[in-house]
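> Input sequences plus hints: build the corresponding full structure.
Chains as they are written, first to last, in this note's numbering: chain S, 1 to 178; chain R, 1 to 467.
Keep in mind the hints are simulated off the structure, nothing from the lab.
Among the hints, erroneous ones may be present.
Said to hold, decoys possible - Have a look at the derived ranges for each label pair, beta carbon to beta carbon:
{"hint": "1", "chain 1": "S", "residue 1": "F157", "chain 2": "R", "residue 2": "A110", "range": "46 to 52 Å"}
{"hint": "2", "chain 1": "R", "residue 1": "D38", "chain 2": "S", "residue 2": "D107", "range": "18 to 24 Å"}
{"hint": "3", "chain 1": "R", "residue 1": "D262", "chain 2": "S", "residue 2": "N53", "range": "24 to 30 Å"}
{"hint": "4", "chain 1": "S", "residue 1": "K121", "chain 2": "R", "residue 2": "S424", "range": "47 to 53 Å"}
{"hint": "5", "chain 1": "S", "residue 1": "G118", "chain 2": "R", "residue 2": "G392", "range": "42 to 48 Å"}
Quick reminder that beta carbons are idealized off the backbone N, C-alpha and C, glycines included.
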Amino acid sequence: MDSDAKQQAEFVGQITRHQAVLRAYIISLMPGMDGVSDVLQESNIILWEKRRNFQPGTNFQAWAFAIARYEVKSHRRKNFRPGVVSLDDDLLELLASHCEKTPEETDERLHALEACLGHLKAEERKLIEHRYFSGKSLDDFSSRSGRSPESLSVTLFRVRAALRKCINGRLALNTARP
Amino acid sequence: MNRRTLEAHLQSLFEGCLDREGMLALQHELRSSPEARDAYSDYLHLHNALQLRAEGIDMLHVVPMDRIVERRHRRSLRDAGLSAAAVLALAALVMALVIARTPPAALTFASSPGTVLAVSHLPEDGKIPKGQVLQPGSRLQLSRGTVELEFASGVRGIVRAPADLTLQREDLLQLANGTAWFEVPAKAIGFQVSTPDLILTDLGTEFGVISEDNFLDEVHVFKGKVELLNLSGLKEKETVVAGHARFAESAGRWKKIPLRRDLFLSGLPDKETRLSLVTVEEFSGNQFAYASDASGSDLLHGLVPKAAGWKLENDASPLELTDGIHGAGFQEVPGDMVQGAWTQVGATLEYDLGAGANGLGYDLTSIRSIADWNSAGFGNQAWTLEVRPVGGSYRILHTANYHPLIEQSLSGGGATKVTLSDESGVLAAGIEAIRFTAGHVANSVDNAFVWRELDVFGHPTVDPGGR
Numbered sequence: 001m002d003s004d005a006k007q008q009a010e011f012v013g014q015i016t017r018h019q020a021v022l023r024a025y026i027i028s029l030m031p032g033m034d035g036v037s038d039v040l041q042e043s044n045i046i047l048w049e050k051r052r053n054f055q056p057g058t059n060f061q062a063w064a065f066a067i068a069r070y071e072v073k074s075h076r077r078k079n080f081r082p083g084v085v086s087l088d089d090d091l092l093e094l095l096a097s098h099c100e101k102t103p104e105e106t107d108e109r110l111h112a113l114e115a116c117l118g119h120l121k122a123e124e125r126k127l128i129e130h131r132y133f134s135g136k137s138l139d140d141f142s143s144r145s146g147r148s149p150e151s152l153s154v155t156l157f158r159v160r161a162a163l164r165k166c167i168n169g170r171l172a173l174n175t176a177r178p
Numbered sequence: 001m002n003r004r005t006l007e008a009h010l011q012s013l014f015e016g017c018l019d020r021e022g023m024l025a026l027q028h029e030l031r032s033s034p035e036a037r038d039a040y041s042d043y044l045h046l047h048n049a050l051q052l053r054a055e056g057i058d059m060l061h062v063v064p065m066d067r068i069v070e071r072r073h074r075r076s077l078r079d080a081g082l083s084a085a086a087v088l089a090l091a092a093l094v095m096a097l098v099i100a101r102t103p104p105a106a107l108t109f110a111s112s113p114g115t116v117l118a119v120s121h122l123p124e125d126g127k128i129p130k131g132q133v134l135q136p137g138s139r140l141q142l143s144r145g146t147v148e149l150e151f152a153s154g155v156r157g158i159v160r161a162p163a164d165l166t167l168q169r170e171d172l173l174q175l176a177n178g179t180a181w182f183e184v185p186a187k188a189i190g191f192q193v194s195t196p197d198l199i200l201t202d203l204g205t206e207f208g209v210i211s212e213d214n215f216l217d218e219v220h221v222f223k224g225k226v227e228l229l230n231l232s233g234l235k236e237k238e239t240v241v242a243g244h245a246r247f248a249e250s251a252g253r254w255k256k257i258p259l260r261r262d263l264f265l266s267g268l269p270d271k272e273t274r275l276s277l278v279t280v281e282e283f284s285g286n287q288f289a290y291a292s293d294a295s296g297s298d299l300l301h302g303l304v305p306k307a308a309g310w311k312l313e314n315d316a317s318p319l320e321l322t323d324g325i326h327g328a329g330f331q332e333v334p335g336d337m338v339q340g341a342w343t344q345v346g347a348t349l350e351y352d353l354g355a356g357a358n359g360l361g362y363d364l365t366s367i368r369s370i371a372d373w374n375s376a377g378f379g380n381q382a383w384t385l386e387v388r389p390v391g392g393s394y395r396i397l398h399t400a401n402y403h404p405l406i407e408q409s410l411s412g413g414g415a416t417k418v419t420l421s422d423e424s425g426v427l428a429a430g431i432e433a434i435r436f437t438a439g440h441v442a443n444s445v446d447n448a449f450v451w452r453e454l455d456v457f458g459h460p461t462v463d464p465g466g467r
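Put into structure tokens, the structure is as follows:
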């Protein structure tokens, strides 16, 4: 492999390694908004197109976040709808900074999530998977499960809260290890 | 806010279903409570992890480049409306990883952040070029942003959107529309650019070309010289040297215009193209339409501009542009006298707004321009607006190019109105001076128009820190 191909391979490695943190960063700047995956992919495209501008050894994550921030702003402008409320921009910036994680920390969370999902009851796990895998509404799950959407919504809230607690507990356990 | 309510609000936020009242309450909590920000972080990462898991991406092992390409392909096709057979250059995202060595391309290109483009190829040998390259027959459509072109011959170009170009030969670029700057080294003398109005042959130089629909094409020469051939009417040829500019007049002659280096970029910008500017263009067959829109209280009212290049016959005066009078002061036979400004291509008006009440200049919120006359063409409008921040230098904010009255009969009247605003509420902040330059409109005598009213609205800039 010549040096150019090697550099490209290393760059792809950096993009790949940072996908999860980049996605989290984008969500932190547009919580609850549609189009996160599109913004992520546009950011990936720009990163690839500008790859020659990246200096190996410098902070890839900071560079990628700067590009993603532009893409989020662009997306928000394009999809601006009067009357739609969101958090103030300065607060979003503050929160985005507060939420920054390294790829290693994010990987730990993904592994912890996997373990915590294993502790859920079968019905709870089905509900979570329906919500995140199918993308369909709770009404759809309601008709199949025989439970009201309101009841499912309460359960979903409780399951997410439990997952959060479980993940934080496992991460604390990891850091307590020698 | 108690813990349960906070968590419910955070979950609703990431679900996209938090109402206004909840948003305000959550915002207050997030600003004031470090614990709330920690909870926000937890739910953000939980939401992200669940979605990643649902999408089936193993972040540790899978290179999602194929997904990138697939999406890019779909989006570009949708954006540009290309046929299914079109091949996007960005397929090179993957191919570049596999094929380290490719034959030298006739032209390679790079783009600035936020650029949206599509590339289609017509390969004679059936082989699609790999990477961000153009071969003879390749077409690049740029709907947003800027691209840098690097020809194998050493020619370098910067093209701004909107643009549509086709590489006809390695030394001939067809620019259907767009604003392009080129630097041609000595070894590439003879390089040509064609537009719907002209063919330019380089004689060793640096130059800019503007080609727009309903607009006569322009050439600006910064170094060396070029040979121009007008493709219309008389098909005049002219050699233009450094420091001069021409537009291709529709009868086939070349007309002098002021040289404008600031209309062109000579490098890729590192920031995305401005997207939030909102332009509303309206026209009417009634010469006196929009009379009630003229303002006598905007920022320009009462200001005396520095003016150059205007026609002053028939009582026309650029000073009347900001008098707040439109329609009310005409004579009984409309059009007898010019109550307003009579442009010439390249005429300028510069208004000094000053530093304002806070010493920080003005935030411009909207701009309204009205043109009209009792016969075709003069009621259209074409102009460029530049703004100068306090202590800074001029930059272009917008170019209006509005020609809806071209088909109107000579006996009819008509008016146009162009209004600029910005989704953010502010077009430009901290501005101390603005400059308008008249462009050329189609189908009127000397490509002039009659500018009736120009209103600029805004307020003194406020220090966000309250100092």
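> Confirm or reject each hint.
Hint check:
no., hint, verdict
1, S:F157 x R:A110: 46 to 52 Å, "holds (48 Å)"
2, R:D38 x S:D107: 18 to 24 Å, "holds (20 Å)"
3, R:D262 x S:N53: 24 to 30 Å, "holds (25 Å)"
4, S:K121 x R:S424: 47 to 53 Å, "holds (48 Å)"
5, S:G118 x R:G392: 42 to 48 Å, "violated (60 Å)"
In this structure, the one hint that does not hold is number 5.
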